[in-house]
Structures are given as C-alpha cells and as structure tokens.
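2 protein chains.
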Amino acid sequence: MMGSMVEKAIGRSLEALKNRDLLMAEEVVRDDDIIDDKQYEIEEKCIDLIATQQPMAVDLRTLVTVMHLAGELERMGDYAEGIAKISLMMGDEPPLKPLIDIPRMATMASDMLRRSLDAFVNRDVVSSMVVRNDDDEIDALYEQVYRELLTFMLGDPTVIRRATYLLWAAHNIERIADRTTNIAENVIYMVTGERIDVVASPTS
Amino acid sequence: MMGSMVEKAIGRSLEALKNRDLLMAEEVVRDDDIIDDKQYEIEEKCIDLIATQQPMAVDLRTLVTVMHLAGELERMGDYAEGIAKISLMMGDEPPLKPLIDIPRMATMASDMLRRSLDAFVNRDVVSSMVVRNDDDEIDALYEQVYRELLTFMLGDPTVIRRATYLLWAAHNIERIADRTTNIAENVIYMVTGERIDVVASPTS
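So the sequence lines, in the order shown, correspond to chains A and B. All residue numbers for the first sequence refer to my numbering, where the first residue is 1 and numbers rise by one. All residue numbers for the second sequence refer to my numbering, where the first residue is 1001 and numbers rise by one.
Keep in mind that the hints are not guaranteed to be accurate.
[Stated by the list, open to error] Facing chain A, according to a computed beta carbon distance under 10 Å, are these residues of chain B, among others:
(1) D1037
(2) I1050
(3) A1051
(4) M1108
(5) L1150
(6) P1157
(7) T1164
[To be verified] Covered stretches of chain B, as calculated for chain A (at least 3 residues, CB under 8 Å):
(8) 1004–1015
(9) 1054–1061
[Unchecked claim] Far from chain A by the CB rule (all over 10 Å, computed), these chain B residues:
(10) N1019
(11) D1136
(12) I1160
Quick caveat, the hints were computed from the structure, so don't treat them as lab data. We treat Cβ as the ideally placed atom computed from N, Cα and C, and that holds for glycine.
Sequences are here, hints too, so could you generate the full structure?
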C-alpha cells in the first residue's frame, strides 16, 4: 500500500511538471505527509513485533527489511515531493522544451519500483538482481538529459535557470531509481542474509 | 565513533576538492565502505537488544533512534563520498574559482553534525531545536552559491560543466546539513516521544 502511494506520487509529480499543473503539484506536496505517517506506522509495528515476538533469523531479517523498505519508500516520496516543488518554483514559466526523456526516466523508475516490491513479496533474488542492473539504463538516460540540458545552456544563456530546474527534476528521478536498487539489495539480504554493497553516486 | 568517521570523511572530501587532491578523494571513496559496515553493525546490535531484552518505552525509543542515527550518518558518508567522486571527475581541471563559500558551508554542516550528536548524547531537546533552525543559514548560503554559479555560467558558457560540478558539491553539503536536522528531530523524538515533521527540499 505504501508502495502504491509512492508510485502514485511519482506519477502525479511528473504529470504536474509536464502539464504545468500547479494544483496537482500542491496535492503531491500535501499528500507526502500521509506517506511519512505510513512509514512511522510500519516502523512501530515492526519494532513492536521484534520486541514482543522475539522472532528468529529469517523472520527477524524480514522485519528489518520491511523497516528499511518503508524508509526507502518514504525517501522516494520526498523526491516526488521535490519534483512537485520544482513545478511550483517554475510557476507559469513556459517549458524550456517538450519533456520526453524525463517522463521516460520516470516511467522506468516507477517500473523498477513495482518490480522491486514484487521481488520483495515473492522473495525473488533473481528479479532483485535484474532491478539492480536496470539502474545502469536510468543512469545512462540521466547522463543524456544532463548533456542535452548543458547544450541548451551553452546555446542560450538566458535559459540557464529554467534548464537547472529540469536538471534537478531529472536528478530526483535518478535518485528514485537508485533507491529501488536499495530495495532490491534489501530483498537479497532478506532472502540470503548477504549484504550487497550499495554503490553511491556523486550526488546520492 | 561512527559520527567522527563521517565528520572526517566530510572534512577530507572538501580538502580533496579544494586542493585537487585525487589521492585523498580516492581514500574517502574507499573508506566509505567502513562507514557502511559500521551502520550494519550498529543496526544488528540494536535489533538484537530489542529482540532479546524487550526494552520498554524510553529505552525502545532510544534504540530506534540509534538505528535512525546510524542510517543518517551512513547517508552523510555517501554525500561525502559523492563530493570525493566529483573531485575525481574534475581530474586535473583548473578550479573554476577559489572555493570560499562551499568550504564555509561544509564547516557549518560539520559543526551542526557535532552539535546534533552532542544533543543526542546529552538528550538535549533545546540544542536539537537550535541545530534544526541553523539549517536555514546553510540553505541561504547554498542559494547564494547557486546564484553565483549561475552568474558564472551566464558570463562564460564555456565554464558551465565546471560550474555544475561545484553546484553538485554544494548540493551534497546542503543535503548533509539537512540530515543533521533529521538527527536533531530524532533526538527530540527520543526524549519527548513526539515526531516533528521533516521538511523536504526540492532536491532532497
């Protein structure tokens, strides 16, 4: 449920950005509080179970994983909120260019999110590995968006500020995708008990 | 101990950036694994205590807070690693300008980190509130750095790429400071049992 709340926040933050829909952006910002509350609720339930049921090995790893997942989802919600706030900062400025790659990045990130949560539900290590590798594709697309926006800025310095808005939006999506790989790594830990190192980006 | 490891990582990542010291930057990247391991170690100890000692109310909140703190510190370590990676990407390119405000931001963030951890040790709600308010100052300085770098880009489009490197570095420091306010909020929760809402920035 928390996963679908976050997925919805990502979708709506992008829709708001694309259609310059400030009302929708405000809704995303407001609804983020509900996501935050959900995290605390999940965490409290897990801690309560750990404290009262004294779970062993694999059950304990599952509860710890659930807490991590709730934390990752909460932060993804923050990134979606961030994208909504970028829309609000842009106000009614005309879009710099039609948005194509940024929504594509967002679709990919949402897809990774869904698959990482499915992998969690199914305790599926193989799918988790696939999600983890897919992140390279988003990173490549991000690099492409970054270069394109730099070219825009070089070509017309008056668009620099508007270009940096889109740069932040793309950055936030890249971070969302990165956090789905954290979920995937947590699922691998839950099932196998092995920690895989999380690789940090320069702007993690 | 984990706090001082992170503080050292922040200091060294900035020194590497300022002095274009690629060896030191590589060290920061490498040492981040030790910080990551420390987080897992702390988390495991906390979970073990929760599972076996069945702590009540305030003790349980303390253990939950310790886990959160370890998570926040781990992520600050990632931001320091990110700054080190920016140095590595810059390679031996000449600096765009003498770095003044960015190191100042870093010094303020380190100071906030130290005070937030002191507040944790002393269970000090008032100091936690102060740390939380100090974040506004870093945000203002970040805004100033941002504007200055935009001006550089406007004045000379050939420096745009180099300016965006510094933009990312400043961004990472802003994020570090933001996470010290998360620590402060966790301390307030630990002592009072009250959650204060974490406010997300557009690029959290």
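Hints, one by one, checked against the model:
{"no.": "1", "hint": "D1037", "verdict": "9 Å, holds"}
{"no.": "2", "hint": "I1050", "verdict": "5 Å, holds"}
{"no.": "3", "hint": "A1051", "verdict": "5 Å, holds"}
{"no.": "4", "hint": "M1108", "verdict": "20 Å, violated"}
{"no.": "5", "hint": "L1150", "verdict": "6 Å, holds"}
{"no.": "6", "hint": "P1157", "verdict": "5 Å, holds"}
{"no.": "7", "hint": "T1164", "verdict": "7 Å, holds"}
{"no.": "8", "hint": "1004–1015", "verdict": "violated (count 0)"}
{"no.": "9", "hint": "1054–1061", "verdict": "holds (count 3)"}
{"no.": "10", "hint": "N1019", "verdict": "18 Å, holds"}
{"no.": "11", "hint": "D1136", "verdict": "17 Å, holds"}
{"no.": "12", "hint": "I1160", "verdict": "5 Å, violated"}
Violated hints, in rising order: 4, 8, 12; the structure is consistent with all others.
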